[in-house]
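> Spelled out, the chains give:
2 protein chains.
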Amino acid sequence: MNIRILLVLFLCCTVLLRSQSEDEKQLKAIYDMALTNGKAYDWLNYLSNQIGGRLSGSVQAQEAVEYTKRQMDVLGLDRVWLQPVMVPKWVRGTPEFAYIETKPGITTNVPICALGGSVATPDGGLKAKVVEVQSIEDLERLGREKIQGKLVFFNRPMDATIIRTFRAYSGCVFQRYGGAAAAAKYGALGVIVRSLSLKLDDYPHTGSMSYGDTPVEDRIPAAAISTNAAELLSTTLKLNPDIKFYFRQNCKQFPDVESYNVIGEIRGSEFPNEIMIVGGHLDSWDLGDGAHDDGAGVVQSMDVLRLIKASGYRPKRTIRAVLFMNEENGLRGANKYAEVAKAKKENHVFALESDAGGFTPRGFSLDCSDENFKQVEGWKTLFEPYLIHLFVRGGSGADVGPLKGENVVLAGLRPDSQRYFDHHHAATDTFQYVNKRELELGAATMASLVYLMDKYGIIQPKNIKG
Amino acid sequence: MNIRILLVLFLCCTVLLRSQSEDEKQLKAIYDMALTNGKAYDWLNYLSNQIGGRLSGSVQAQEAVEYTKRQMDVLGLDRVWLQPVMVPKWVRGTPEFAYIETKPGITTNVPICALGGSVATPDGGLKAKVVEVQSIEDLERLGREKIQGKLVFFNRPMDATIIRTFRAYSGCVFQRYGGAAAAAKYGALGVIVRSLSLKLDDYPHTGSMSYGDTPVEDRIPAAAISTNAAELLSTTLKLNPDIKFYFRQNCKQFPDVESYNVIGEIRGSEFPNEIMIVGGHLDSWDLGDGAHDDGAGVVQSMDVLRLIKASGYRPKRTIRAVLFMNEENGLRGANKYAEVAKAKKENHVFALESDAGGFTPRGFSLDCSDENFKQVEGWKTLFEPYLIHLFVRGGSGADVGPLKGENVVLAGLRPDSQRYFDHHHAATDTFQYVNKRELELGAATMASLVYLMDKYGIIQPKNIKG
Chain A
29 MNIRILLVLF LCCTVLLRSQ SEDEKQLKAI YDMALTNGKA YDWLNYLSNQ
79 IGGRLSGSVQ AQEAVEYTKR QMDVLGLDRV WLQPVMVPKW VRGTPEFAYI
129 ETKPGITTNV PICALGGSVA TPDGGLKAKV VEVQSIEDLE RLGREKIQGK
179 LVFFNRPMDA TIIRTFRAYS GCVFQRYGGA AAAAKYGALG VIVRSLSLKL
229 DDYPHTGSMS YGDTPVEDRI PAAAISTNAA ELLSTTLKLN PDIKFYFRQN
279 CKQFPDVESY NVIGEIRGSE FPNEIMIVGG HLDSWDLGDG AHDDGAGVVQ
329 SMDVLRLIKA SGYRPKRTIR AVLFMNEENG LRGANKYAEV AKAKKENHVF
379 ALESDAGGFT PRGFSLDCSD ENFKQVEGWK TLFEPYLIHL FVRGGSGADV
429 GPLKGENVVL AGLRPDSQRY FDHHHAATDT FQYVNKRELE LGAATMASLV
479 YLMDKYGIIQ PKNIKG
Chain B
29 MNIRILLVLF LCCTVLLRSQ SEDEKQLKAI YDMALTNGKA YDWLNYLSNQ
79 IGGRLSGSVQ AQEAVEYTKR QMDVLGLDRV WLQPVMVPKW VRGTPEFAYI
129 ETKPGITTNV PICALGGSVA TPDGGLKAKV VEVQSIEDLE RLGREKIQGK
179 LVFFNRPMDA TIIRTFRAYS GCVFQRYGGA AAAAKYGALG VIVRSLSLKL
229 DDYPHTGSMS YGDTPVEDRI PAAAISTNAA ELLSTTLKLN PDIKFYFRQN
279 CKQFPDVESY NVIGEIRGSE FPNEIMIVGG HLDSWDLGDG AHDDGAGVVQ
329 SMDVLRLIKA SGYRPKRTIR AVLFMNEENG LRGANKYAEV AKAKKENHVF
379 ALESDAGGFT PRGFSLDCSD ENFKQVEGWK TLFEPYLIHL FVRGGSGADV
429 GPLKGENVVL AGLRPDSQRY FDHHHAATDT FQYVNKRELE LGAATMASLV
479 YLMDKYGIIQ PKNIKG
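Sequence lines, in order, name chains A and B. Just so it is clear: in the first sequence, position 81 is 109 by this note's numbering, and no numbers are missing. Just so it is clear: in the second sequence, position 35 is 63 by this note's numbering, and no numbers are missing.
Mixed in with the good hints there might be a few duds.
Copies of the same chain look alike in the list, so a pair counts if it works inside one copy or between any two.
Claimed, not checked - Pairs of lysine-lysine, BS3-like flavour, derived with a Cα cap of 30 Å:
#, residue 1, residue 2
1, K266, K174
2, K213, K373
3, K370, K213
4, K53, K227
5, K227, K56
6, K337, K97
7, K97, K227
Just so you know, the hints here were simulated from the structure itself, not pulled from any lab data.
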């Protein structure tokens, strides 16, 4: 072999190895810092325990905007700002109340909660017979004859055999989101929906619902019932289909109010117009304190900027932490962010969301071209020491979704999902169920991907074509 | 190409594919059953909440022996029996008490607990100045002059930057196990050991300690102090090295008592003399209810037999669930099991232990020949759908250790380890911190490896040589 070819090969290998080893060092520095000097857990403690549930339009949501802005202000970023956005304001009102009536006067109280966006029951509540279904097809099969004047009880359980629990959730969420609109078409008086949880317990799980094109006068109240109570109701119905169910809720939709996305930015040193974002959503449901959904994603995103800065790495591209408002019941913040980005012709090349809980990170789901997927997968060995092994194609997250376009890599952090739906949208989504190390490992994993994306640049399909 | 060669190739591929697909189905059946009809969680509930902490020689340990035997009796196994073994009986006595005295009469109470096997303090307790160290070398450096008549405070924290937390534990456990023996050589009056936990909280973590060859009259009391209190003590010492520490404990070692390993067996249909075991330890520390350490391993091992049977698979080799007694402070059960196996010339080919908590399983550590490691690693893709990705060489577990020999594959289930040391040996090792699905996934993962090991047989190095 020609000695010059050998030399070139040798040099290539050296450069490659040095780069690999530099990356290894940089990732180690990021993980070490997150695990020994992370700020995510302290921030989350404040968000959860000093502020609490942060439903869009609430005082707590506004406090969270102010708190996170203040915290980012002192991180020494290049810019921190609030992006105004009008959000819906739905208020739960006084605690809901429900019981199963097996005979007149013989009742068993059961835990329910109004679904987000639902209308109230009449003041005195609503009592009617119940028809149990597991699907929209069931409604069709039963028809108006068997549904009119009754409550529809959607009782499709999440499939426990599905390992990645978000998929089991996807198979059931139609009940919560569209159940009321579908049942109203057949003359139902209201809907009771089995909580979307794999755990049998006494906590109802709320979540957004929509009436779609149902006229205002035809909208019926919708509530979630705990999984234990759903089992009880189903068994009771099997014994006697004529039992009645009573529930009362006085939730209310108010006019939209102004709120904000909170954005912090480190300006890129070489390609400031190429924008990379990390994000989570600042709003949460009101039953718990929203520690996992999505306080975790918020504080991890903030810590990504801090870790990148503290590691001494100077990003070439602009990196933003975007704390979206109103993911839970409107996605207004995400849509506003994308709308402004489009109007300003901002070039977003990468968007990474953390909205699957603050559990041990397992990897990433990626919504991008084949080339981009291969690029990220090529970094797999760098992540191995941190037990990050999952690089899959799939949805990234609701908040970064509106940025989808030809030249942007959308990504979602994928933590271990076994415990997520025990807490999701329930009173048990609280700080005590977040483990400090698991949260910090998530932040470090996100920061590491941001670092690699920035250092190597995102393969642009348009460049490949061109 | 010769048509006959083609045909043979085609047949080989078909067999291989069918076998792969059979294995996929079998694993799916095992996981599905564990997740929808697992018994592990119910058994653990009883062990934890009806029986509680199961320290060797305690009434609870005996109750656990009887309960697990009863449960295995009804599984329709070929044989269930108790294997007698003498175990140490150490009793904590009345709750320990400790304070930091900054000035005479100015005290702050701190949470401590006696280490397992420690002697008591004098009846009135022990008060002395404190010297803080992080290693045995520190003792040497300080010498008798600075240690005699004082309490030695071992304050080496677990290294938070180590991702696999058992490694961080290994780097610190000498303080607990051998600290008292080492400090006694320099005339210390007692030792206080920082709890082996990565979490800052108020729970002391107990664990076994040994006086080694220290003469009885020279043995000094040893206690663990919570991590928060360790930080407080350290800071206080920096402000004033002359402060005193008081502690009182009246734990006591009694004569050995008889206890049992509990063993259940499915007899192999083809090679009954080849024995494969799955196991965990039935005893636990006394502060919590031992749900993670190692109630989880016990119920998972029991469920492995049940899952294998219920899946309809008929094992060729004999499979045993062995619930070892006295792992925590003596390893007598494990030694007895190995001793009996040797005496009976039993041929153990595979031993899998679960003793790292009931968390989401990540994979296995294997202590075996290169050939055997490659064999197991070859099944990696079968485990991928269940997010099992970690196949590493390393320690298997204390209880299967005594079986180590030329022809046996020793394995340990490796669950996610981030939360383990928050609970390990502390009052917080309780049932509420075990997630049902995570526990069940562990049982299914163990059963799957047992199935594959049984179906394909263990490559025997002696056979390779011969």
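> All hints are to be evaluated individually against the structure, with a verdict given for each.
Here is how each hint holds up against the structure:
Taking CA atoms no more than 30 Å apart as the test, K266 paired with K174 passes inside one copy only; the shortest distance there is 16 Å, against 77 Å between copies. In the homo-oligomer, the alpha carbons of K213 and K373 never lie at most 30 Å apart, since the shortest distance is 43 Å inside one protomer and 74 Å across protomers. For a Cα distance limit of 30 Å, the shortest separation of K370 from K213 qualifies neither inside one copy, at 38 Å, nor across copies, at 73 Å. Taking the closest pair of Cα atoms, K53 and K227 come within 30 Å of each other only across two copies (26 Å); inside a single copy the shortest separation is 41 Å, beyond that limit.
For the homomeric pair K227 and K56, the shortest alpha-carbon distance between copies (21 Å) is at most 30 Å, but the shortest distance inside one copy (37 Å) is not. For a Cα distance limit of 30 Å, the shortest separation of K337 from K97 inside one copy, 17 Å, qualifies, whereas the shortest one across copies, 58 Å, does not. Taking the closest pair of Cα atoms, K97 and K227 come within 30 Å of each other only across two copies (29 Å); inside a single copy the shortest separation is 36 Å, beyond that limit.
In this structure, the earlier hints numbered 2, 3 are contradicted, and the remaining ones agree with it.
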